[in-house]
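Colleague: Here is what each chain is made of, one letter per residue.
Number of protein chains: 2
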Amino acid sequence: MVANTYLEGSYSEIYPDIARDADGMRKLFRQFSFPGGIPSHAAPETPGSIHEGGELGYALVHAYGAAFDDPDLIVACVVGDGEAETGPLAASWHSNKFLNPAHDGAVLPILHLNGYKIANPTVLGRMRDEEIRDLFRGFGHEPLFVEGDDPRLMHQTMADALDVALASIRSIQQHARDGRKTIERPRWPMIVLRSPKGWTGPKEVDGKKVEGFWRAHQVPVSGCRDNPAHLKVLEDWMRSYEPDKLFDDNGALIPELQALAPDGQRRMGANPHANGGLLKKELKLPDFRSFAVEVPQPGSVIAEATRELGKFLRDVIRLNAKERNFRIMGPDETASNRLDAVFEATERVWMEPTEPYDVHLAQDGRVMEVLSEHLCQGWLEGYLLTGRHGFFSCYEAFIHIVDSMFNQHAKWLKVTRELPWRRPIASLNYLLTSHVWRQDHNGFSHQDPGFVDLVANKKADIVRIYFPPDANTLLWIADHCLRTYNRINVIVAGKQPAPQWLSMQDAATHCDAGIGIWSWAGTEDANAEPDVVMACAGDVPTLETLAAVDLLRKALPDLKIRVVNVVDLMTLQPREQHPHGLSDRDFDGLFTADKPVIFAYHGYPYLIHRLTYNRTNHAGMHVRGFIEEGTTTTPFDMVVLNKLDRYHLAIEAIERVPGLATKAAQVKQQFRDKLIEHSRYVREHGEDMPEVQGWVWPNSAGGNTPAEAGD
Amino acid sequence: MVANTYLEGSYSEIYPDIARDADGMRKLFRQFSFPGGIPSHAAPETPGSIHEGGELGYALVHAYGAAFDDPDLIVACVVGDGEAETGPLAASWHSNKFLNPAHDGAVLPILHLNGYKIANPTVLGRMRDEEIRDLFRGFGHEPLFVEGDDPRLMHQTMADALDVALASIRSIQQHARDGRKTIERPRWPMIVLRSPKGWTGPKEVDGKKVEGFWRAHQVPVSGCRDNPAHLKVLEDWMRSYEPDKLFDDNGALIPELQALAPDGQRRMGANPHANGGLLKKELKLPDFRSFAVEVPQPGSVIAEATRELGKFLRDVIRLNAKERNFRIMGPDETASNRLDAVFEATERVWMEPTEPYDVHLAQDGRVMEVLSEHLCQGWLEGYLLTGRHGFFSCYEAFIHIVDSMFNQHAKWLKVTRELPWRRPIASLNYLLTSHVWRQDHNGFSHQDPGFVDLVANKKADIVRIYFPPDANTLLWIADHCLRTYNRINVIVAGKQPAPQWLSMQDAATHCDAGIGIWSWAGTEDANAEPDVVMACAGDVPTLETLAAVDLLRKALPDLKIRVVNVVDLMTLQPREQHPHGLSDRDFDGLFTADKPVIFAYHGYPYLIHRLTYNRTNHAGMHVRGFIEEGTTTTPFDMVVLNKLDRYHLAIEAIERVPGLATKAAQVKQQFRDKLIEHSRYVREHGEDMPEVQGWVWPNSAGGNTPAEAGD
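Taken in order, these protein sequences are the chains called U and W.
First residue of the first sequence? That's 1 in full-length UniProt numbering, and the numbers climb one at a time after it.
First residue of the second sequence? That's 1 in full-length UniProt numbering, and the numbers climb one at a time after it.
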């Protein structure tokens with residue numbers, strides 16, 4: 001990529017220092033895989049690239065993401081035979097079942113069988129042509145074979161194959177675009193290219209085979225500084241290309257060869273599809289306030305947060321239907337995650353045959369479902385990287401499947417932000433739901449809230465983590481995320497019916513601050529510090545915290561409680577580490593300098609410690625969260641097993657407030673008895689005790705008036 | 001699985017409470033997907049299972065892991081068409097290129113196309129038979145189709161297909177085992193089973209199609225308590241199986257049907273291969289001390305840690321060659337990770353054609369290389385779960401690809417440890433190398449030390465994380481890990497030439513404690529607390545810490561420095577949280593109660609904070625580690641960019657020791673100047689300054705005698 005874009009001139013336009021002369025070429029060579037220079041594989045710094053080399057597996061799925069909704073684009077995707085061994089790549093071949101020739105572009109896979117990886121032959125490289133043909137016909141392609149080692153013949157054969165492939169693509173597209181109904185899914189062309197690894201490089205070094213073998217990987221001849229024989233091999237190799245005939249006296253490519261490259265944006269290094277921000281159009285968003293759940297009093301209404309979000313997303317789809325630049329991805333879970341309102345506006349894309357009883361399938365659907373988190377993530381990355389927008393909803397536990405893809409995308413964003421010529425692309429937005437705390441029918445395999453721990457390792461300017469506690473806060477956050485660029489936003493929210501806490505106006509104030517005191521829930525005096533801070537992040541921890549506060553308010557009316565709710569987890573970090581981080585003064589204002597803080601958190605408790613270890617009151621922070629307990633059980637039993645329930649939280653508050661444990665010994669014992677009662681009840685009845693199931697926030701009694709106290 | 005093992009009797013043997021009578025059956029039904037009961041999919045609690053359902057994708061790769069080196073075993077592996085859409089499963093089909101019919105068992109894949117997932121048709125389910133045939137012939141199989149919906153006909157067709165498949169397997173095996181050389185890789189049989197989803201369940205509910213559609217997923221008819229029509233559907237459905245004819249008056253299966261199940265261990269719930277600990281034989285280990293690197297003085301010898309480990313692993317292979325119960329996995333990286341001594345004892349397994357110039361390939365090799373971390377991990381899991389041993393070496397950054405597989409295996413181990421009938425299996429041992437700190441040619445895409453953060457989220461009795469600082473410690477740790485059961489051991493160690501610190505005897509003392517004071521490196525008095533503690537975990541941080549100590553010793557001879565090296569990261573956790581955790585007293589003894597601790601750590605610094613936030617001196621701990629900086633650059637520049645280098649560490653020590661910053665202002669400035677000099681030098685020369693490259697620990701000068709101070 002680097003050499004090609006240098007020769008076609010686009011490289012020097014972006015990096016004028018690497019000019020098209022001898023000095024520029026020297027710099028070009030020297031910076032390659034050199035400290036302070038550029039990596040040895042495609043990278044953000046490489047013009048015309050949309051993803052980094054190195055970790056393999058994502059070429060084809062990104063190619064499809066790039067082709068969706070771009071009818072004039074043909075994405076030629078070179079898949080190495082090493083990369084072809086990876087799981088994500090193996091699954092990607094089925095992407096052609098989701099590509100609509102009428103309004104999507106085309107992907108032309110070029111499977112490059114050079115036969116070797118770092119130190120091994122490749123699995124596909126050693127398969128016979130018949131097996132390769134069967135395999136890719138089975139994947140829905142018509143393979144065109146280009147095989148040999150004579151460059152002159154090979155170039156012509158390749159050109160012929162490309163002509164055939166492009167004609168075939170054009171024919172498939174015309175057929176679909178003429179409005180003739182496609183009965184059968186088309187058989188798309190692909191090219192299988194067999195050429196030697198290290199082609200035209202040294203045949204042998206020290207009597208050992210190099211060209212056409214894995215020894216040609218990366219450094220075919222080494223130690224040229226000290227080994228004159230190796231230097232000779234290198235020189236002969238370089239001279240074999242007759243550079244004197246290719247470059248003029250100043251080191252510039254001769255005009256006849258320069259003229260071979262296409263012009264302007266048709267050069268591979270200047271293709272705007274590989275700098276998606278150039279093509280990006282603003283996403284049109286409906287007013288999220290119009291989807292507000294009416295919440296006259298905190299806790300007075302029950303709603304399913306993701307179901308409300310579904311209505312908002314439905315209108316996002318409608319508003320951008322003409323632009324065709326927004327898609328929703330989900331591994332067979334859009335309906336299960338209760339976003340099904342989107343099916344009022346669109347369908348699931350499906351190019352395979354349909355049956356009369358099928359529902360919500362269409363060739364031009366905008367929801368993409370396949371039972372592969374890798375494909376969902378990869379399609380979306382490709383779609384975003386080429387200038388579009390999207391949303392990915394996933395079961396919380398299984399998002400770990402794409403940890404490494406998330407990592408690489410975050411790295412990509414980090415580096416592209418430092419390159420002024422790379423224009424911002426839309427953020428990658430995750431909704432993680434069907435989360436750890438609701439496992440009535442699944443169980444331990446579906447319980448892992450640790451993805452955000454990985455996310456929090458990334459650079460502050462790239463990542464955001466949100467825990468909206470109810471529907472209105474979820475709507476505010478989702479709207480906000482869809483407006484951002486060059487970020488990865490992770491929203492964690494439940495799908496089950498749950499009490500709603502904030503009106504849309506309160507939600508807006510709260511989310512805008514990212515964290516705040518819920519004074520309507522607490523019992524503190526305006527002019528004195530509370531005895532204890534009950535903090536929470538996440539919908540279930542918020543519910544349990546409020547229930548604990550309710551217990552404490554009733555049993556110990558003199559106890560001064562402050563309730564702090566965290567929506568934006570990054571507010572907890574020091575301001576120096578994250579732009580959303582609270583200053584120490586603001587943090588201390590919320591969490592006090594020395595009062596006990598009982599923090600109920602959605603995920604692994606360590607994350608809260610790790611974010612707050614430098615704060616004044618860190619020694620006073622007692623975090624409860626998921627500690628890997630519980631399997632198939634009731635909602636309340638899940639929190640009890642992990643000690644995140646109202647009784648454990650209330651007991652801990654009593655124990656942590658100085659002097660209270662003795663005074664309130666009887667109350668504590670009552671709460672302990674409740675835990676025993678619960679345990680017995682749930683084993684007998686298979687459901688939670690009525691007093692837990694039926695608990696509601698006491699709208700009238702005790703607390704301050706319902707209004708956001710801010711931060 | 002639960003129903004089948006109950007009917008065959010094995011379930012009641014393991015769980016006598018679930019007897020083969022009406023009462024037992026009632027308990028069986030009631031516990032299913034019920035609080036305190038069992039999950040709705042296969043789980044550790046399920047007899048005959050070797051992995052959990054839920055997260056899909058690993059059935060086939062585990063099946064191959066089970067079949068390797070077990071010549072009499074045929075693993076029938078049912079792959080659902082939902083699971084078939086995942087990346088790991090898609091890659092797994094190529095596993096047949098690594099299975100040797102002469103000494104491995106066989107895998108019989110049964111691709112079950114019931115056509116639907118939760119809410120969608122499946123990709124493979126809607127493919128025509130011709131495409132399916134092409135696809136699986138391309139994968140090297142001969143598909144046998146079993147299709148229909150009449151149970152009577154289908155049972156017979158399935159039995160016939162099984163007969164054909166088993167005969168074909170036997171013929172392939174006999175051919176290979178008769179010593180006739182296999183020229184062509186055999187074409188293994190597989191079965192493609194098309195049957196309706198929810199087969200023999202309700203055809204319709206409320207006028208909507210259920211049998212043969214996705215509505216049959218999990219709960220085909222709901223709300224039977226309140227909806228009499230639905231209750232009737234349920235009752236009719238259940239009665240359609242004529243239970244009165246199948247069970248006697250006590251609720252026991254009638255003897256004629258009981259007699260259909262095979263006997264003893266041939267029942268699926270009593271198969272010892274699905275309780276691998278029953279079959280496990282001790283791994284024979286050479287004396288790791290015999291591979292010791294001679295280290296007369298700390299830092300006096302240079303060695304490559306992983307290369308030394310390779311020799312030890314070579315002999316592990318030799319000692320267990322007859323038992324054939326040890327394999328090494330690696331994604332094309334065994335040689336790159338410098339474990340190539342293993343090729344003196346074995347080769348890479350390779351069943352595809354070979355060329356005369358190929359090296360280290362053999363049909364009976366014991367090293368498994370494929371460019372898929374998913375396959376390496378999955379094969380190894382399957383191999384361990386069926387009672388064998390293994391070792392997985394991987395580039396550190398790319399191990400994130402299998403985060404989710406690691407998670408699920410850790411969950412499996414956690415639950416199996418609580419089941420007395422499940423016998424312990426060998427630990428899953430990772431060597432993570434080619435790590436973040438050495439990226440001369442790769443770069444940012446290859447830099448991520450965060451896998452251990454994920455590991456540390458798991459239950460303490462399952463996971464161990466080791467950072468051996470040199471070759472002898474690596475040998476000790478590797479030997480230790482290979483002796484453990486039911487754990488996941490993660491070893492992080494570099495492959496580059498590096499100074500060696502400990503003799504084997506000192507290494508043994510140090511590793512046995514897991515953490516210790518290196519008094520030979522420090523300058524503290526025996527009877528007084530040091531001014532500063534320089535702590536380190538990881539080979540590169542240890543090197544930089546010692547170099548910083550050397551700088552400080554020379555510049556500030558009066559400064560009392562303690563050096564603490566951490567091999568076993570879990571020693572940092574409180575004893576209550578991890579069995580290896582130090583008591584607070586021991587921890588304070590090492591890190592002091594209030595002196596500044598400059599902690600140089602291999603990974604993301606937060607992990608150290610999270611492990612130590614409860615310790616007395618946490619406020620005094622200043623951790624340096626990877627902060628996502630640096631790309632393709634020199635070894636020393638990498639540490640400088642992340643502020644983990646000797647100069648930054650020495651400067652921080654000066655700044656943190658009370659009163660020293662002013663006194664040592666000049667020294668500090670010298671170190672700062674060195675950083676500027678380095679920066680200039682590396683950009684100009686593309687390599688590190690001679691004084692950095694050539695730095696050696698001063699064997700003679702200053703410090704105490706080289707001996708482990710231990711704890």
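Everything labelled a hint here was simulated from the structure, so no lab data went into it.
It is possible that some hints are incorrect.
No distinction is drawn between identical chains; accordingly, a pair holds when it is met within one copy or between any pair of copies.
[Stated by the list, open to error] Here are the simulated lysine to aspartate or glutamate pairs, EDC-like style, with alpha carbons at most 16 Å apart: (1) LYS208 to GLU355; (2) LYS97 to GLU131; (3) LYS414 to GLU628; (4) LYS245 to GLU256; (5) LYS560 to ASP129.
Colleague: Give a verdict on every hint.
Modeller: Hint-by-hint comparison with the structure:
no.: 1; hint: LYS208 to GLU355; result: between (59 Å within a copy, 14 Å between copies)
no.: 2; hint: LYS97 to GLU131; result: between (21 Å within a copy, 13 Å between copies)
no.: 3; hint: LYS414 to GLU628; result: between (32 Å within a copy, 9 Å between copies)
no.: 4; hint: LYS245 to GLU256; result: within (11 Å within a copy, 88 Å between copies)
no.: 5; hint: LYS560 to ASP129; result: neither (77 Å within a copy, 70 Å between copies)
This entry does not satisfy hint 5, going by the numbered hints stated previously; all others are met.
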